[in-house]
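Undergrad: Single-letter residue listing:
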Amino acid sequence: MGRRLTFDIFRYNPSVPGSTPRIQTFQLEETPGMNLFVALTRLREEQDPSLKFDFVCRMALCGSCGMLINGRPRLACKTFTRDLPAQINLFPLPVFKLLGDLSVDTGTWFRNLALKTGAWLHTSRAFEHDAREERMDNETALRIYEAERCIECGCCLAACAKVHLQKEFIGAAGINRLVRFMLDPRDERGVAQYFEVLGSENGIYGCMGLMGCEDNCPKDLPLQLQLAYIRRRLAATGVSRSQTRQGKG
Amino acid sequence: MPDKPEALGPNPRVDLYLELAGLVSGLLLVTFLWVHAFLNATVILGAPVFDGMARFLERYYLSPVGIGLGLLVGLIHVLSVARRIPTGYREQRSLWRVARKLRHADTYAWILQVITGLIILVLASTHIWVVLADWPLQAAKSAFRVQTNYLSFYIILLLVAEYHAGAGIYRQFVKWGWFRRRSVALAVGTAVALILTVNLGGLWAFHQLGVAR
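Taken in order, these protein sequences are the chains called A and U. Taking the numbering used here, the leading residue of the first sequence gets 1, the next gets one more, and so forth. Taking the numbering used here, the leading residue of the second sequence gets 1001, the next gets one more, and so forth.
Quick caveat, the hints were computed from the structure, so don't treat them as lab data. In this text, a Cβ means the ideal position worked out from N, Cα and C, and glycines have one as well. Incorrect hints may appear among the rest.
On the chain U side, residues computed to face chain A include the following (Cβ under 7 Å) [said to hold, decoys possible]:
{"#": "1", "residue": "D1015"}
{"#": "2", "residue": "W1110"}
{"#": "3", "residue": "I1169"}
{"#": "4", "residue": "R1171"}
Pulled from the structure, derived: some chain A residues nowhere near chain U, Cβ distances all over 10 Å [unchecked claim]:
{"#": "5", "residue": "N35"}
{"#": "6", "residue": "V56"}
{"#": "7", "residue": "L227"}
If we strip away everything but chain U, and leave its shape as in the complex, we get:
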């Protein structure tokens, strides 16, 4: 028997840092997403309220700073969590085979989280591109988008993003937390339902605004 056990890695702290980067960037993105939801929902109170909010954010440089930081944190998140994606054919086959045999909800939930992450990468980039191309923010412009081609796009992006965020915080709380899974799932589910309602309310208000004009 060796008197000194073999260490598993040369410098194990790298894996801890990647784990923490994924955790912190993920939590920041969830915060961004939820703040975004409430700012967006100001349109429920009327187009002038939304436009006033947009001007306020613009005046204090909160928009460019928020979007810039969001992009940076998003990039860090992608870089730190992408290592988890099984990219090889063998890995994919292995993963699906285990998942199909186990028929285990949380394993499938993780696979769905990877898929939604990839969808978000494409759709969120499109969303940012479209909004920035039509800067500054105005309720009428958003309403026009929602009323024309973008309603289904935004509904898909919303559902996918909320799922990814919800599954992400659930998993992180389970991984780091003091609480049993059932309570975590209940709390996260409630929060996601609330934010989803706020977002759908905002989307509906934009849609009504479009119809009204």
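Next comes chain A alone, as it looks inside the complex:
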């Protein structure tokens, strides 16, 4: 027999008139190898079909199931009940728009980030569909991959006090996404152009070094080293350009 788990779950559906935020308590028998995906699915199927939460891949690849598990941002599919006490509190991720209960909309935030920072490959070359793909050396590919492993679940943003203090700060997920394009030889933007986008209080120089991002990243990305890398690259450019004010290239 497993433990008897108690779930205190945040319930609120902003799209339903008259809905007010409250905590609902559920009880569930723990089964071997139970993760929160299993637990929440059982709660929905057996106890309350109106419970809202997001899952797609159940294997820490899609980034949908980020939530506050006992106060800390975690992926529900990657969190096993055996690692938690019998009392489990579930809240939706802060920072993002609440869709209902544990479900939040990370998509809008990341789309705004992409538009604001130009987080896509900038190239003047037209795409040739029948041309052979260009080769890239393995080291560069691996470095890009290390940044691109980010699944944009938003846990680093929820774990960063600075993001809570300053809504415009793009956080580790935002900066890491730009690192990916900075490393890419196909992107034609120079460091100076990246400085325009990232070299401010809302970009890399807004980071206070709290390290909550790295410590709460479900994918164990080396965020500290990524942030330090971009901080140095941009500082070198920013200082050397300080004499001549250049426009956008």
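Starting from the known structure of chain A, arrange chain U on it as the hints suggest.
TA: For chain U alone, kept in the frame of chain A given last:
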């Protein structure tokens, strides 16, 4: 989709300069603090050694220059890092709420760094005031202070300053450096422990000197 992405700030270099000012002034202050520790600790070798050191610094104008530059750099440091302090009620509430939920060591360490910074502002000012009011430096005067009311004052100032300095260089190395946090923490922790020992040794020597007289 806009073909030109919106830049985040009108002139982003200001934020870089503030960041660099905080970094450089902080490192200079740590250097000052550690040099100060060793100069202070000359009293372990005896009051005459300390007095000789004080006279030497005085003769070559190193004392006034050192203290003057220290004050200037300190001022720059305060001005460049104070922007980080969440001063508003809403910000404070937001910060503490995140910290309490996360129970994350480095977030708490940062909060403690802000608090110790404010304490240093008061205590270090008092320390400078008291020392300058009783100029020139002499082992006997320092010993008298330590033996009377100021021992707890100096122990608090020492612990608070060393914490602030240690946490500061750790954070700066993590923010700018090539090294993983664990190695940075180990190196900084060792250095702080060493300097703390030197300082406590100096304080103990002053205290013994006071008792002896």
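Undergrad: Does each hint hold? Answer for all of them.
TA: Structure-based check of each hint:
no. : hint  : verdict
1   : D1015 : holds, 4 Å
2   : W1110 : holds, 5 Å
3   : I1169 : violated, 11 Å
4   : R1171 : holds, 4 Å
5   : N35   : holds, 21 Å
6   : V56   : holds, 26 Å
7   : L227  : violated, 7 Å
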